[in-house]
Amino acid sequence: MGDQKTLSQRLDSQQYDRQDILKALRGEKLPEHLGYPLIKLCTISGILHSPTFADGEAAPLRHLPEHPEFTRALNARAIMCNHIPDMDLTAHPEELPYCIWYPEIASEDTYRQLATRYPQMRYQVARACAVGGYTGLYFELDNILPEVGVAEEARDAGSVAIFTHIMSQPVRYKVMDDYFRTINPESPQPCHINGDTCVFSMLKRQKQKFTTPSDPDDDISIFYDGDGFDKMTYNITEDQGISESVPETTTLSLSTDLMLHLLTSPLPADLPAGNKDLLILTAAFYGDIDRYTRLRRPKALEYEFFCVIRGIYHNSLFALWWSRQYNIPEDEPFHMRSWDHIQKAITARHIMNNDLSRVLLAAERDEDDDKKSLPYLIWYPEIAKAETYKALAHRVPEMREACVRAAIYAGYSELFDELLLLPGVVPNRYLMAEAERTSNPQRFLSALKSRADELGIKMDSYSEVWKLVSVKDKSFLSRGNYLVKSPSVGVVVGQFFEQSAVYNGIMAETDKLELFLMAPESWRPEEETQVELNYEDWPLSL
1 MGDQKTLSQR LDSQQYDRQD ILKALRGEKL PEHLGYPLIK LCTISGILHS PTFADGEAAP
61 LRHLPEHPEF TRALNARAIM CNHIPDMDLT AHPEELPYCI WYPEIASEDT YRQLATRYPQ
121 MRYQVARACA VGGYTGLYFE LDNILPEVGV AEEARDAGSV AIFTHIMSQP VRYKVMDDYF
181 RTINPESPQP CHINGDTCVF SMLKRQKQKF TTPSDPDDDI SIFYDGDGFD KMTYNITEDQ
241 GISESVPETT TLSLSTDLML HLLTSPLPAD LPAGNKDLLI LTAAFYGDID RYTRLRRPKA
301 LEYEFFCVIR GIYHNSLFAL WWSRQYNIPE DEPFHMRSWD HIQKAITARH IMNNDLSRVL
361 LAAERDEDDD KKSLPYLIWY PEIAKAETYK ALAHRVPEMR EACVRAAIYA GYSELFDELL
421 LLPGVVPNRY LMAEAERTSN PQRFLSALKS RADELGIKMD SYSEVWKLVS VKDKSFLSRG
481 NYLVKSPSVG VVVGQFFEQS AVYNGIMAET DKLELFLMAP ESWRPEEETQ VELNYEDWPL
541 SL
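Under the working numbering, the letters of the sequence shown match residues 1 to 542, in that order.
Just so you know, the hints here were simulated from the structure itself, not pulled from any lab data.
Straight-line Cα separation of at most 20 Å, PhoX-like style, residue types lysine-lysine; simulated pairs:
(1) K23 to K209
(2) K385 to K472
(3) K40 to K207
(4) K5 to K40
(5) K209 to K231
(6) K207 to K23
(7) K299 to K231
(8) K40 to K231
(9) K29 to K40
(10) K5 to K23
(11) K40 to K23
(12) K209 to K40
Make a model of the complete structure from these sequences and hints.
Given below as structure tokens:
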């Protein structure tokens, strides 16, 4: 017994044992090593799903000052088992659970007692009433505003009386915030239904399998493996939806999914039930300020910033709006650098509009962060005047190669000849690739080769594949012809440093989504995930 670790030591011990994690997830055994965030999440999941585990091995986790999330889970589990926990919410407000209706609903009388004993939990009780259909108790609750999260929950659960009552009120409010698990009855905001509630059915679908977490002593492992889980859009149960199994994706249909219908129609004041992720991504992709600012979530979606960057490049007004945003994404993986890419896109949009004020100001400051915001692509989707590229090359030496390439792309021969001789301009494979796509390739290729010979360099090597792609390439300009079974199958994609990632190492496309929306529903595959629409093998009906 002497070699057993104390609970404090176990909470700090980082050692991965898959079987230990599975036992915690199943609510069978408290892991010996609890240091990894993944293991803590699996332990919370085990508590929520196993009353025996909560009352047994996990019970010592209650009232740990540095880990109140365990106490919140134990309190939530007690409530769902129809026990009212003893909570000193004045001294320890951090021990108040947020979600008290998943994975199980308590009895109506339990929630009634809870609201009486802890009035500050009345909105959680109202939400639980919506889930459980406890209409009588809902109308008994005092000082309850018509809350949009409760309305969404009632709609999802089929609690018609509660939903109808809330929606009939002239003003509705947002009190519960499922993104941050906060409840703010003191200063509620008037609000329409905006698809920002993690309803019960969503909790059942929002699951993920865990992977091996990174070794904290291995820098390469940290880069590739991460924490062993993804941070979900919602985490109201505080277990990140980690599970041994993941539900199959439901096939969506334009005729039945109202959110899909909104891709091609104006947004109503109150959004219908469903997932608004595609609405967010397309609003970002096309640079629609009104739709994007209304729909976006506090935490970006997986491909959102790829779409934002594309939207900035193609919409000057979207670029201006983003230039006034200062909320750098929190907890962003260090290798993604989305914020830097957004700044590059904004600067590029200014340059293509013949406005050098932003880039010149950055050059004057001469700070590392400003240098990160210098773009490479400054000639697509629009070309600036030759005078703009000339001034930029002379005033910002770091931009000279980009200006030379812009001159090649635009066919500014005289400007090209001038810029090619500037200090720091070195012919390379990227400039050659652009020259090969011009209407007069020999004009530019011969000059590049001659200059390379003068400098005594070779132009064979390269390190950034995406710079070899010209926006004149058919591979970039041609649309994809894959017709998907459902828009839940990768219809909006984004990548870093792919071959077609022309937006400074970023790419985003919606080809599959647009084809899905435009093609007849009868053409969509029923068995395959996607088919190539080549008019020979598919569609079969032709």
